[in-house]
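Novice: Okay, here's what each chain looks like letter by letter:
There are 2 protein chains.
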Amino acid sequence: MFVQRAMRQATKAQTILGASPSKYAAKVLSSSRLYSTPALAPLDASKLEINPSKNQKALQENSQLVFGKTFTDNMLTIEWEAGKGWGVPQIKEYGKLQLDPSAVVFHYAFECFEGMKAYKDKDGKTRLFRPDMNMKRFNRSAQRIALPSFEDEELTKLISEFLKVDDRWIPKGRGYSLYLRPTMIGTQESLGVGASNKAMIFVIASPVGPYFPSGFAAVNLLATSEKVRAWPGGTGDAKVGGNYAPCIKPQLDANKEGFQQNLWLFGPDHQVTEVGTMNCFVFWKNEKGEKELVTPELDGSILPGVTRDSILNLTRSWGEFKVSERRFTMSDLVKADKEGRIIEMFGAGTACIVCPIKKIHYDGHDIHVPLDPSDKTSQAGKLTKRINDSIMDIQYGDVEGPKGWSVVV
Amino acid sequence: MFVQRAMRQATKAQTILGASPSKYAAKVLSSSRLYSTPALAPLDASKLEINPSKNQKALQENSQLVFGKTFTDNMLTIEWEAGKGWGVPQIKEYGKLQLDPSAVVFHYAFECFEGMKAYKDKDGKTRLFRPDMNMKRFNRSAQRIALPSFEDEELTKLISEFLKVDDRWIPKGRGYSLYLRPTMIGTQESLGVGASNKAMIFVIASPVGPYFPSGFAAVNLLATSEKVRAWPGGTGDAKVGGNYAPCIKPQLDANKEGFQQNLWLFGPDHQVTEVGTMNCFVFWKNEKGEKELVTPELDGSILPGVTRDSILNLTRSWGEFKVSERRFTMSDLVKADKEGRIIEMFGAGTACIVCPIKKIHYDGHDIHVPLDPSDKTSQAGKLTKRINDSIMDIQYGDVEGPKGWSVVV
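Note that the protein sequences, when read in sequence, are chains A and B.
Residue numbering for the first sequence follows my numbering, starting at 3 and increasing by one per position.
Residue numbering for the second sequence follows my numbering, starting at 3 and increasing by one per position.
Accuracy of the hints is not assured; some may be wrong.
No copy is singled out in the list; a pair is fine if it fits within one copy or between any two copies.
Claimed, not checked - Derived pair list, reagent style DSS-like, types lysine-lysine, alpha-carbon separation capped at 25 Å:
#1 K56 to K159
#2 K98 to K71
#3 K159 to K174
#4 K138 to K251
#5 K124 to K94
#6 K122 to K166
#7 K98 to K200
Simulated from the structure, these hints should not be mistaken for laboratory data.
Please read all numbers here as calculations on a predicted model, not as lab measurements.
Generate coordinates for the entire structure from the input sequences, incorporating the hints supplied.
Specialist: What follows is the structure in structure tokens.
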């Protein structure tokens with residue numbers, strides 16, 4: 003009966019948590035008026051306590067930066083408890099988390115995260131790129147795995163404060179940035195399989211250099227259908243930890259055969275879904291002879307990438323070719339390859355912006371994707387490079403993008 | 003390029019780890035003979051260091067036990083490192099794990115576990131039930147998410163030692179046991195998405211009482227097809243953390259409507275797969291009029307439960323009715339219900355052994371599953387009760403089961 007008991011407790015907590023912000027506010031109001039039930043504390047940036055580290059670690063040279071390996075002096079943490087809500091946000095010295103071995107994050111993968119970057123512009127100001135998109139997705143990911151929701155804008159404010167405290171860690175120079183990793187974990191100290199009665203948001207930050215330090219290097223992909231990244235009704239559209247570990251074994255298998263990444267397929271018709279941990283884009287002449295940039299539609303198993311959305315927005319604003327979100331299959335790609343219609347292909351994500359693709363191994367054959375033969379220093383097609391430069395221009399504040407895309411903190 | 007770099011390192015480590023035990027031994031032999039390459043240390047129970055807690059916590063009354071909430075005085079831990087292998091196993095005071103916030107277990111769900119129990123028999127000896135099955139599955143789960151493999155029997159030996167140290171925590175009495183939770187987590191302190199270069203096994207233990215303290219209580223299920231627990235090419239057949247958190251939201255939704263568990267369906271034909279976190283069994287008269295106990299076949303998306311396997315073995319040994327592992331759908335169940343052919347239904351797992359089902363809500367209708375009307379004290383069919391008693395008899399050493407099922411430690 004422990005499952006039922008845990009469920010009853012959890013449902014009680016969840017009934018309020020699951021509500022939308024406005025319903026939540028209404029509940030808080032009515033409960034404080036009509037009952038003595040204490041209201042759940044919202045995430046409140048004004049409560050922030052800052053006790054920064056007294057030790058300033060040595061910064062690394064820009065050339066020495068490795069993704070996600072070195073972290074700044076401090077971190078941001080906020081704890082949550084069922085029946086109480088969000089606690090006092092803390093900026094404090096970066097250090098180990100102390101968790102009970104029964105904490106549910108270790109057993110049932112109550113964990114979700116975001117990847118975003120802070121950039122230094124030419125005036126020395128710090129900018130975030132579309133942080134509202136990350137915060138909304140973070141909330142959706144949390145709700146998919148029954149972790150608590152939070153007030154989007156408050157977390158952005160807290161991250162901005164964190165960036166002020168660790169400002170010296172934001173590397174200067176185009177291509178350099180401070181990678182931010184907001185993470186939420188369930189910390190209930192009990193093995194009952196139910197909603198976690200405790201949780202924690204932590205944000206850590208790691209200075210990073212360009213994904214391609216010496217010009218684009220295009221990747222070879224192994225089209226993979228035996229292992230499947232995501233499924234309708236699963237969690238492919240949420241940034242939850244459980245989506246990642248199962249992809250490593252197929253990735254290692256692909257690496258052994260000389261491929262850098264998997265091209266994840268789905269279904270008996272081998273729909274193209276994602277590339278490694280990136281969204282997938284094809285630029286081709288479609289069967290009607292139109293130039294078209296296409297990426298799989300958000301059908302529930304595709305991660306709604308911030309870079310993906312930005313590419314769609316930008317290229318649509320150019321109005322130079324058709325831009326589509328729709329399904330396409332390996333047969334479509336094979337046919338386009340045979341008919342010489344593929345122009346470019348690339349993966350897209352926060353880490354690289356775009357990652358050019360040069361070859362796909364599928365069903366015993368290779369599909370060769372054209373690059374730009376006139377470019378002797380880097381392997382990427384012209385559109386791929388243009389998209390990369392356009393997004394970078396906005397991220398570093400050199401060009402003003404759409405409203406709210408580049409936010410000075 | 004960080005992905006590629008991480009992959010190269012990981013592949014190097016994985017090449018040896020991925021090998022089968024015999025190949026592994028051959029490699030160790032050849033490497034120590036022909037090269038000066040240090041051999042990777044296997045998991046070795048003879049290296050165990052025991053530094054038990056000096057504080058003996060107060061035991062709880064049997065009636066006060068709640069699943070997975072109270073833990074014993076000590077825990078077993080063993081750390082692993084790429085290029086080195088397994089370290090010194092430690093039995094030490096139960097206490098918090100200290101992990102870097104960048105540890106990959108928090109981000110990419112590098113985590114898998116087992117659930118097993120230690121029982122006190124009438125002579126006061128401690129028994130495990132088919133520990134070899136748990137250890138084999140634990141290894142398979144680890145390999146599915148690129149965590150290191152280990153020597154099965156050595157971990158069983160270490161668990162046996164742990165049980166000796168915390169012997170006073172094993173509750174006496176039929177239905178009572180010490181629940182063991184072997185867990186493996188990836189502890190690499192770097193956000194690169196690749197195989198973890200560090201890992202840890204920990205085993206914690208929690209005294210538990212009977213799942214049904216006052217006679218069986220049958221459950222109501224909501225048949226769920228919108229959210230999907232597992233899929234071909236996924237991880238449904240591995241006991242990895244990522245399988246669990248995504249099931250909580252649907253479970254809470256079911257609870258709100260008055261159902262205790264989800265009946266997980268799969269595919270357009272609504273195949274029956276699992277019940278909550280249990281395997282699913284139906285006892286019916288099949289379309290040919292034969293009495294048949296049926297459970298879904300192990301097609302890659304069904305967890306190969308130890309209780310599941312034990313039930314299949316036992317009932318086949320009885321030779322009284324047909325026992326099948328095969329697919330069946332909700333249409334099959336609906337038809338059988340209409341024709342009055344369903345005799346019993348139950349979930350099966352380590353926590354409960356069997357959990358009787360009394361109702362399934364599907365497609366706007368209820369399927370009512372018969373129980374035993376002659377039994378006024380508990381809600382369960384005759385076969386369900388007989389299976390429960392037969393397995394318990396073996397677990398507590400009252401009846402000698404098949405060779406290797408009940409192991410005195």
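Novice: The structure should be examined with respect to each hint, and the outcome stated for every one.
Specialist: Hints versus structure:
no., hint, verdict
1, K56 to K159, "within (23 Å within a copy, 46 Å between copies)"
2, K98 to K71, "both (15 Å within a copy, 24 Å between copies)"
3, K159 to K174, "within (22 Å within a copy, 55 Å between copies)"
4, K138 to K251, "between (30 Å within a copy, 18 Å between copies)"
5, K124 to K94, "neither (29 Å within a copy, 54 Å between copies)"
6, K122 to K166, "within (12 Å within a copy, 59 Å between copies)"
7, K98 to K200, "both (18 Å within a copy, 16 Å between copies)"
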